[in-house]
Each structure stands twice: as structure tokens, then as C-alpha cells.
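Take the given structure of chain A and dock chain B to it, following the hints.
2 protein chains.
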Amino acid sequence: MMRQAGRYLPEYRALRAEHDFLDMVYTPALAAEVTVQPVRVLKVDAAILFSDILVVPHAMGMELTIEEGVGPRFHRPLRSAAEIAEITDPFSAGRLDPVLEAVAATGKLLAGEVPLIGFAGAPWTLACYMVEGGGSKHFAKAKRLLARDPDSAHALLARLADASGRFLEQQVRAGADVVQIFDSWAGALGPSDYRTFGLPYLARTVARAKDAGAPVIVFALGAGWALEEIAEATAADVIGIDWHTDAGEARRRLAKYPVAVQGNMDPTWLYASPKEIQRRTDEMLEAFGRDGYIANLGHGILPDTPVPGARAFVNTIRGFEP
Amino acid sequence: MMRQAGRYLPEYRALRAEHDFLDMVYTPALAAEVTVQPVRVLKVDAAILFSDILVVPHAMGMELTIEEGVGPRFHRPLRSAAEIAEITDPFSAGRLDPVLEAVAATGKLLAGEVPLIGFAGAPWTLACYMVEGGGSKHFAKAKRLLARDPDSAHALLARLADASGRFLEQQVRAGADVVQIFDSWAGALGPSDYRTFGLPYLARTVARAKDAGAPVIVFALGAGWALEEIAEATAADVIGIDWHTDAGEARRRLAKYPVAVQGNMDPTWLYASPKEIQRRTDEMLEAFGRDGYIANLGHGILPDTPVPGARAFVNTIRGFEP
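Going down the list, the sequences are from chains A and B.
Under numbering that gives the first Met the number 0, think of the first position of the first sequence as 0, with each following residue one higher.
Under numbering that gives the first Met the number 0, think of the first position of the second sequence as 0, with each following residue one higher.
Treat the hints as calculated values from the structure; they're not laboratory data.
Each hint can be trusted.
Since the list gives no way to pick out one identical chain from another, each pair is judged satisfied if it fits inside one copy or across any two copies.
In silico EDC-like cross-links for lysine to aspartate or glutamate, where the CA-CA straight-line distance does not exceed 20 angstroms:
1) Lys136 / Glu66
2) Lys274 / Asp148
3) Lys136 / Glu67
4) Lys140 / Asp303
5) Lys274 / Asp150
6) Lys274 / Asp192
This one's a predicted model, so the numbers in the text were calculated from it and none came from an experiment.
The shape of chain A in the complex, shown without the other chains (with noise of 0.2 angstroms):
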């Protein structure tokens, strides 16, 4: 479910309710107990290390917060191209280190049992949260950065793209079996500016991640129209299609590529019943098919999910017969 672990589950509140949000990510016994929780309760077949992409720009020296119902926070957000040519190499000072200790730690935990995957943030996202310092209905100052000054958004973009690139070989060097790349708001970009500024970098994330050979997920929310320019862009094994695509149209357009795909309920569907939830899911795997195909939703879980209705989605997708 994109994101398992969460304020959704009760276990994981109670963790939380003693440590901050981040700690609880750069404390690897703490992050790895969380990241086995949703298999444990719900029988999940596969663990998302409990993290957060931030955690790549935090260690290129950006102060950061996360604070429950106020989202991330980067205190002193990047606006000029002085102030982006001031971040720092991420691995230079072992900021991620508690990071990739977490994989190894949640590796133990998970003894061969699930496949963990490891995840960090596109280039473009990771942008747009440093340019903004934060969530933003429109990115306006992310992207009056590119309409301003094209030249400094394109070094921040290579930056990152080989950053979070080497993050993901290195989490696989730690023991994740497969990594996933989140570019969640690529759907900010309109098609001709997500080909300039999303794509290119995206696709050099990609590549770097491949280094390491695992299979790598990529997922580029609200960029429903760019499916085939990301599988042949990027050359991914998995891509994630949000749920505003027709699953049946995103098989169609993706025929014709070696490259799975995975999603896409709308997460709001799990406050519904659990049979109109059954039903739904079973629309979902009847129209994606089994083949080369990964059940999941079509964006993060939400926080207030009722935990009945998450257990009726996984449940009718193992006991699914097609």
C-alpha cells in the first residue's frame, strides 16, 4: 500500500506517540520495528522501509521538521542559485548511514520471510519541496524557479538525481530487494516542462539504481499521460499507475513495453464497507490481470483509514482467483 506503515495502524501510533517523527526514521531498531508491523497485522506481502524522502536533502544540510498534520518543513528553503549551490554531498558526512542500517536491520527482522523495499524521492519532488519548504497547492515558487532561472533548477535536478540514484544502489547494497522512486508531484509539471525537468532526471535516477541490480518501481503521481515516455525514458521494471488512470487504458498503452506495473485503487475507497471494498478490489484485479502485475493502491494510504477497511483490501487480493 505505497506507504504501509502509518498512522492508520495503532501499532505504529503507539510507537510514535513516544518519538519524533524523524528519529523514529534515523533510529534503525525503531524504523525497522515499524517497517515489519504491516506484515505482521495485515500479512502484506512485501515491507516498505519506514522512512521518508526528505531524508536525502536533510543530509545535503537542509534543516528539517515533520510534524504530524503539518507535513515537512524545510526551515531555510533554496530561492537563489547561491543558496543551491550551498547544499552539501548527502554521504560525505554518513547522514544516511542510521538510514541504510535501518534496511539491514529490517533484512534481519524479516529473515527472507517478505521482500523489502527501499524507496527515495525524484529529483523534480525533492525540488520542489527545497525550492517551496514545503507542501504547496500550486509549487509557485518551485516552479518560478524554472520559468526564472532554468539554468539553476537544471544543476539542482542533476544534484539530486544523483543522489537519490546512489541512496537507492546503496540501500540494496544493504539489503533492499527492490527500490521505488517516488515522483509525487510530477502532476505540477505540465507535459513539455515534466519532459525538460521530470523526465531526463527521473530517468538518471533510474539508471544509477539499476547499478545495483534490483528491480526498480517508479511512480510519477498525476502524470497519468506520461506512462510510455516514463517506460521507455527510464527503462524501469515496474511502473506505478495512480488512480487516475483507467487500470484497463494503462495496460493497453503499456502493452507494448517490458515493464509491470502496479496499483491503483483509490485509497478513499478504503473508508467505504468492506464489501463494497471487496468489490472494488476485485474490479481493480480483474482489469489490471495477474500477470506482470502488482496489487496496490494508487497513492498513499491515508492517515484516518480504518484499519477493517485496509485488512479487506489485502485479503481480497491474496484470496483472489482469477
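Coordinates of chain B only, in the frame set by chain A:
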């Protein structure tokens, strides 16, 4: 430029500093004055009524405030079937009359110089605001209503379709030459849900609006996948293309329908230099071609848009020689 009057014009801000937003909407002389500002300042070739889509739910008895930087807020959002049943007929107390008077007053000011565009919200978008209470990232409350109580959702949407349709009809009778329907949150629903909760009520609104004989523009933001279905289901005269959709693709997909198109520059690009704006505007004009086309932005203009940016956009369009 979708909503033309707005915070980016100093002439507007000067008036706005002295009046509450909704007071301006409901004072015909002020609304008319603000409506014609962009015609005078930028020489755009149509005027769009200064108003808000939420005047309809407001007239249905829902207490509303609209604050700068905060956005619209319904103080008692609809959360139950009983609350939905309590909303009143928006026409019974004449609460929309000042908006219709603003249409008539604007008609007098314009004196036929350029056409006047009236507008209303699509049922799904109005329902979103009414249930959520304001803007939202996921519209989880509105979508929870669809998941848990679809019958109440359908009842609300049907009432809104009739109300919006009738309001548009009245605007045409008051002097609007064209009307536009904004489905600003179309993108909050996946294809299957939009077909159930969005499109049928949008079509019902258009059908009613068409009774008055003026052309109807439909703009469903974030539903680029649905262009053909919108053309078929609504028989709208013009379909607005948002900036997420490639211009050439929109033209190809709509070629067999008797529909004009409108759009679609990303308003963020009005932050760029006038030269870059000119280049991008020319690209847009070439991509859409001249026939059956209304040059426009692909989303509402942002409040901090520099006036020279808006001017470069308009002037490039006015000077275009294909």
C-alpha cells in the same frame, strides 16, 4: 485568463482594500467595475463576471466566508444526510439576484465592446466544498461521503445540477453572452468515480444552461483523460484544456467532435521573462491552430502574477499571425 479580475491587478487590489470579497461580489456596481478592469487594462477580448462559484451554496443557506490567503470556508459543512436534506432552494429568497444585477450592470458598462462570460460551479466541485468545508488536499471527507452514503451524494449532486444549470440560464437572460462551468475538482475523482458522480451531473448542468441559447464552455480541471467523454456526455460548445494536457493531443482526441477548445498555458509561466512568455505563447497558438480555439491559460491566474507577464501573454495572442 479564466478568472481575469484578481489580486494580480493593482486596480483590483485598490478596490479590494476597501471591501470584503463577498460584498464586492454582491454589490452590482462594484462587481461590474472589477469585471471590466482587465478589458481596460490588458485589452483582453472578453470579460468574465467577477463572482465566485460558491454563491450558489451560499444562497442555499450555507454560511460562507472568503478570506484572502485562507480561501473559502463554509462554517457548517454538510456531514450527514440530514444536513444535506436541510439545504434550501437558492432562488427562493432572491439571494442570487445581486449577481444577476451585476451581469446586467456589466453589460451596460461593456456596451457590446466585448462579450461577457458568466459562470457557475459544476455539481461535484460545489459538493466537494460543501462537504469538506473548504479547499483540501485529498477531499477525503467529500469522498468519504461517496464511499459511505452514495445515495445522499447523488441527492446533493442532483440538486446542485439543477441549481447551477438554472443559475447559468438566468445569467444568460440577464445579459451573459457565454457561460462557463468550472469543475475545478474533477481531478479529485478517478475515471470510474467521475463517470458516476461527476460527469452525469455536469451534463445535466450543461443541458439546463443550454436552454437559454448561449454557448457553454466546460472546464474540468485534472480530467484530461475525460475529454472525449465530456464532449459526448455534455455536448458543450467549448471544452477547456488544462495545462496538464498536451495541446496537440487534445486537438487529435477531440477532432471528431463538434467542439471548440480553450486553453492551456500553465499560469506559472507568466512569472517568466516577457520574451520567454512570448515564445511559449506562440508555441501554444501554433499547437492549437486558429480554428475553433479560444486562447487562454490552462488554469486560473495566480495572485502574484506580474502584470507585464499577463500583458506579454495577451499581446502575443492579439498579435498572432499564423
